[in-house]
Amino acid sequence: MNRDGMLSAVRVGAIAGICMVFAITIGFVEAVSRREVLRDVLPLSTVLLLIVGVITGVLAVRTSTRGPEPTMGAALPRGVIAGAVAGAIIAAYALLAESVDLRAVFTNLSPSAIETVTFDQGIGVGALILVIGGAALGALGAILRLLPPLPTRMVIAAGLTVVVLSIMEQVFRVMLSELGLGAVGSLFYSSGALTLLGALIIAVVTAALVWLARARRSPVRAQLARVTGRPDRRTSLLLYVLVGAALLILPQIVGRFPSDVLGTAGLYILLGLGLNIVVGYAGLLDLGYVAFYAIGSYSIAMLTSPQSFLALELNFWLVLPLVILLAAIAGIVIGAPVLRLRGDYLAIVTLGFGEIVRLLFLSDWLKEFTNAGQGILGIPPPTLPGLEFPGRDPQEIYYPILLACVLAAIVAYRLANSRVGRAWNAMREDESVAEATGINTTNYKLLAFALGAVFGCLSGALFAAKIGSIFPHSFEILVSITALAVIILGGMGSIPGVIVGGLVLVGLPEFLREFDEYRLLVYGAVLVAMMLLRPEGLVPSATRQRELHEADDPDDQYDADAGAETGEPVITGARA
Amino acid sequence: MTGRFSLVTVTLWLLSAVVIGAMILGSVLTLAEGRFTVTQWRDLVINGVALGAVYALIALGYTLVYGILFMINFAHGEVFMAGAFTAYFAADFLAEQGLIESNPILALAIVFAVAMLTSMVVAVLLERIAYRKLRNAPRLVPLITAIGASLFLQYAFRGLYGSGVRSYPNVPALDGTLDIAGIPFRATQVMVILSAIALMAGLWYLINRTKTGRAMRAVSEDRETAALMGINVDRVIVRTFAIGGLLAGAAGVLYALIFSQVFFLMGFIPGIKAFTAAVLGGIGNIAGAMLGGFALGILEQVGPNLFLSGYGVPGANQLRDGIAFAVLVIVLIIRPTGILGRKES
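Going line by line, the protein sequences match chains S and F.
In terms of our numbering, the first sequence is residues 70 to 645.
In terms of our numbering, the second sequence is residues 22 to 366.
Just chain F, same shape as in the assembly (with noise of 0.2 Å):
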């Protein structure tokens, strides 16, 4: 930018600096009172890694879109919400066949490839029809479109599956906990956490050793020079939508598992939340997502708790969902880029 020191970047600093202050002051006074045991600090940890993960593989939808379109796809969330929405009825489905109980690594397969083909196909129908058209739109433009998108999405599925909040099916087989270096984590949380980084690890090799890997790298750099190297960038547009399409609808049944409920709405402030992380860890940037995720999840849990209980806020729980946006709001103020981000030319 401009590089000089004019009075509302001052107003910025200042205002981040005192909210920055604040947080730790939050804390100390937190930390002195010694109002949580150490042990409801590692579990709250625990909680933000597992619920981390899940922001962390729908932030990476964001950042894919973006890195290649330029284009928020504020409609993500509900790509998110109609995998998870979806599964249910395949869950409660295996569950009444028994099938979760005899054999949980099938049942549970199924049900993600149920969220996972269903999101991918809502992704793919969103860019086609949605988006396509307004590639060289001013910017505004696809945004609107995705903010449309993504209230009709919610409001579609609300028509389909009804206005219920459903309970998914319990798998016992994730019932209990297992002692992970002397710490006890919840199995569910153990899964979550193992299939995600799985996801990723899958991703990473998709982009870097793969030729549609290639190929995505090339279109988010250059567009019009990829095309001019004989990369169809339709397809690798539609294919960039489907993967993230695909690790939303595994988020959506991971989200599902630990809160164990799903309804039309529930898409919005994870979608919100994944966006923050997208850009914390920098948006555009793949290991910056997943970064971001974490950090989020674990700020989000830890954070009201930490900073705020401190100055005798009651219910500071409530206060989580502000806490996210907060996060967002200082990340762009102070480093716009994010934490992996480059520096912007």
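This is chain S alone, in the form it adopts within the complex (with noise of 0.2 Å):
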């Protein structure tokens, strides 16, 4: 075994001991202990450390290996000293947060946090099985990265499987005792958290599956591929219609709570898809479109709440498509002035806009047109002209935004396959070369901040007749940065990747709400981690993928090929 091996080994470790201590001085440890995955067995912090324990062996073997892969006598060291190191490190800092008081500094790091990671067994006892543990589960990681790929599959689709029908507790039960298996449920789930006998049986047939799975994978894949390629109408119209009874059915099987996440989830898949066009589809990155959303929601608000200076009390659908035309005019107006901007000013211009939007919105200037920090109140649900229906109940309100979703989707999809969409690939690869081939770079450009800007109004919209009543504060640019790490996680220019994302970004922390204070920093890190990683997303465009991919070389970072392949511009500008 090797120096180099061994001291690449030490340094994951040694990385991965101080992100837990960061988790855990944060709080997130303890946040994260609160919820159980396996009742009175496995809380989710121990989840958390194994599977930091395990990624620990993964990459200590990874990150030493240039070339052929490593024997097993090579790799399970490694694996045992990263773990161990890893462990020692947390150990080491339990030991100093028992010894010197971090709290002064440090608010969130409470002793129960240190009680959690030392398992309860005090100091010492906690430490030794850290460390010993760490190695355990460092030689795990490096056991499974160099198994098979099946073996390391069923394992990994087993554990995953587990832990979100874990967390997802609510749905899964109310599911099943709207089906009349309730007795079924209770086998499953007792107080929030899986039985013993539920994980298990969950565990293997996951496993099963996934092993079943093997034999028709490359078939299914090649059918895929054809079907893709020359879609066969039937199939495909039938999925369509499978899916689309499943979604009208959806709500009155899970129930409220979970319906009114679908609802959330939604209106920021709408916002997501809208910004998709901006962003993905136009490479134009609009960090105010928030203030599209605003406008959405206080045009509505003006329009339909009798406690508007209007005091019209007009019928949703009524005002929606003056809403519409409206939010296509906003588009225009602050397109414009950032028309001739380059990528990353145009960033910034525009996340201006967004922050002035909301600072006229708080201005006691308009306080007459907007009641500035008091918010308008009183906005009616979006019932159908004569009807009580879609009331705010979420089981009911779910149905306006799903059929915005798919009216959205739709649209940009058929746009994306049009020679508008193929205007707007150009534009983003080569904006001088698209304008050279006789394509309007102007007008495409507004064009997609106005179809943006509808999107954004028509979610903004929505969630002002979802919620009622509206003020600044919901606002915020994190409305923004929320839409774009949504179309991030998923991948830029495509559609699927917009719903995975926003289901994902949105709708599983709302089952997660013990640790909803970390929601952010968990945004940010996503955002960081695809870019760093996957720049493509979870689930890519074919074309982009490609793009990203297309000069992938980061050892030769002088290479000055790389960035005109990829269509980045000529470095111009001032010098210090």
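Since the hints were made in silico from the structure, they are not lab data.
One should not assume that every hint holds.
Computed far set for chain S versus chain F, every beta-carbon distance over 12 Å [as the list claims (entries may be wrong)]: (1) Gln-239; (2) Leu-281; (3) Gly-460.
Straight-line C-alpha distance at most 25 Å; calculated DMTMM-like pairs for lysine to aspartate or glutamate [to be verified]: (4) Lys-154(F) - Asp-73(S); (5) Lys-154(F) - Asp-499(S); (6) Lys-154(F) - Glu-498(S); (7) Lys-154(F) - Asp-413(S); (8) Lys-436(S) - Asp-342(F); (9) Lys-232(F) - Asp-243(F); (10) Lys-154(F) - Asp-255(F); (11) Lys-154(F) - Glu-245(F); (12) Lys-232(F) - Glu-242(F).
Computed from a predicted structure; not experimentally measured.
Heads up, the beta-carbon is just placed ideally off N, CA and C, and yes, glycines get one too.
Build the complex from these two chains, which are given one at a time in their own frames, with help from the hints.
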């Protein structure tokens, strides 16, 4: 075994340990420990430690290999060392926290967090568990890394399914009892967590499914490739009908709270679809997207609420066309001044616009119209004229949101594959060349802004109708950044990506209320990690993937062609 | 650019003309009404200069990084916050020990050192972890990373130090006023302006008179050729981030001395404003960043009162941040290279 391998294993372990120390200090570990994955057996904090340990092992093997796969004999010690180092660092930190009062500075570092990571065994035994356990997990990670892909995939799938099913307990329990299977529900779940038996069954079933899918894997893929190449209309139609039916009955099965979550996620999917046109298709990084969300909310509120200065009390659907028109105009008005700006300037200026819009809604100057900080209350739900239907009940408001999302997705899909979409594509790749080939970049940019604004305003309008009262504080820059994170996670320019991103980043955290305050931390980390590791997103569009991996040559940072090929403009500008 | 007069260009110019005209009309109205006395204007300008000094120090960090990497380090405002927030604990500790009263110079030096070192470490880690891998990525990629890093740092520091607003201890030595040429300055403001000028002079020396500075200028001019001449580009970039971090940390303490409050979101708005200042002066241009900082500071203090109160807008100061953004937009439309920037080739 070589020295370099050892050193890099120690490094990986140290980084993992420091990350865990950070997680303990900011109170994340303690927040996670309040949630149980397995009733009375396994809190989520332990799962976190387990996952970090295994990943440490995997990375310890990976970073030390350039070239041939290491043998088990070489890999195992690296995993063990990395895991043990990580455990030792956590243990040392626990000892430090016990002996020195760090809480004067680190307010979220509670004694119970230290008890959690030492498993309530006191510092001595706890440290021993951490080091030995770390070593064992590191070894497990190293083994997993060297196993053939199938068993690894089985283990990962089983573990993930158990954790996700446990977190989503509220959904599945209600679902089971709605289907008349309440008994099954109480077999699997007990007071907010999975039972041991339930977890075992789920793990075994998932692993078995993965194993079964193995044989069919390649033919299905080949079929899928053929389908996407030349769509078999009947199969895809059937698929659409099935998915549509499932989406329609979904709120009735899952119950009130999950429907509410779906509604919120839907609003962000709508925002993401709109932002995706501006950022993903046209390549204009708009950080002031919240401005349109705010304009949509406020215009609906002013036109429909009895408490606004207009006091018109119109019906939601009646004024919606007007709001959409207004949105398109707002998009053009905000888009026009930034047309000539280069990518990064555009981002900051649009960010400024977003803030200006919020400040205006908040200011005393426009108080007569916007009520400043008091907001506008009493916005009616989006009932159809003459009906009581879509009321504010989460199981009803879901439908207009779903409708808007479906329409937006269809519009976005059709646009992406049209002449307009290709023009946007060309513009994103290289503006000068696009202009030289006869594309009117001004018009296409304005079109992108206007369409993005329409989707954003639609989302804002539905938000106002869903919540019933709006305040300037609902329209902070964070809305823009969340929408950005949604499209980045899924993949810029990818419609399924937006949906996945919305469900994961906006929907899932609603079930993890215990650590709501770490949500934005996670968003930030997601943005950085995605850009570093997988810039094309989790569910990438095919074009985007090719584009981003065209010049994949990280070792040669002075490769002049790399910049030119990815369409990065030749650098100009002032010097220091 | 193309040089022809398209509809968009004309519209934009008209738009800017209208905005500037409205500003001038507003100023005339305000002055004609005599709403503010000369003393009030003078105090606003002095406040503006002090604030502008802080913006200038942060703006230097943006401009240095932009000059070398051509990227906007969106998280630079958080680097500033990290220093100010961490140094609060040092300041608080020193106040408890009584050192701030007995030896304010030493105490402030310690506070500055803590803030500058923290900010430097954060800036360097940021470069190492988040930006280094992306040097040749398409333009939007590092920018999105920077936005993510900014959000991450904000909430990481909220996690570390809590979400509450902390108040810096009072420094008795900086209470009271100093008469300079018959004008009473608040001692804090004098201290802020002087330290900022000293730091800028130090930076000027570093850039123009040292080997490191020459290497930085070379890398900024042409990274590839500089590398061929034997300059370790990685090291120069790390040093650039470190210098930007040091200046931002110092700016953090100065900001805390003026406003006395620190919390985890404090970096966002000053960060954006400092960026505006850097653009105003000409991004990539060091003298421009200083000039832009002072200009923006004064504009922001004087502007809302001067331009808006003439129209009878209530609570004009609420729109202060809006003024900064409006300045940014107008500068980018009329002269994207800023006051001191070169014409783009």
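Going through the hints against the structure:
Interface exclusion of Gln-239(S) from chain F stands, the closest Cβ pair being 26 Å apart, more than 12 Å. At the 12 Å boundary, the C-beta of Leu-281(S) stays outside the reach of chain F, the nearest C-beta of that chain being 39 Å off. Taking the minimum C-beta to C-beta distance to chain F, about 36 Å, the non-interface status of Gly-460(S) holds against the 12 Å cut. For the suggested pair Lys-154(F) and Asp-73(S), the alpha carbons sit about 22 Å apart, so the restraint of at most 25 Å is met.
With a CA separation close to 23 Å, the supplied pair Lys-154(F) and Asp-499(S) stays within the 25 Å bound. Under the criterion of a C-alpha separation no larger than 25 Å, the hint pairing Lys-154(F) with Glu-498(S) is consistent with the structure, at around 21 Å. For the proposed pair Lys-154(F) and Asp-413(S), the alpha carbon gap of about 19 Å is at most 25 Å, so the pair holds. Restraint check for Lys-436(S) and Asp-342(F): the C-alpha separation of about 18 Å stays at or below 25 Å, so the hint holds.
With a CA separation close to 17 Å, the supplied pair Lys-232(F) and Asp-243(F) stays within the 25 Å bound. This hinted pair checks out: Lys-154(F) and Asp-255(F) have alpha carbons roughly 11 Å apart, not beyond 25 Å. Our distance criterion of 25 Å between C-alpha atoms is met by Lys-154(F) and Glu-245(F), whose separation comes to about 17 Å. Of the supplied pair hints, the one linking Lys-232(F) and Glu-242(F) holds, its CA atoms being roughly 15 Å apart against a limit of 25 Å.
Going through the hint list in order, the structure satisfies each hint without exception.
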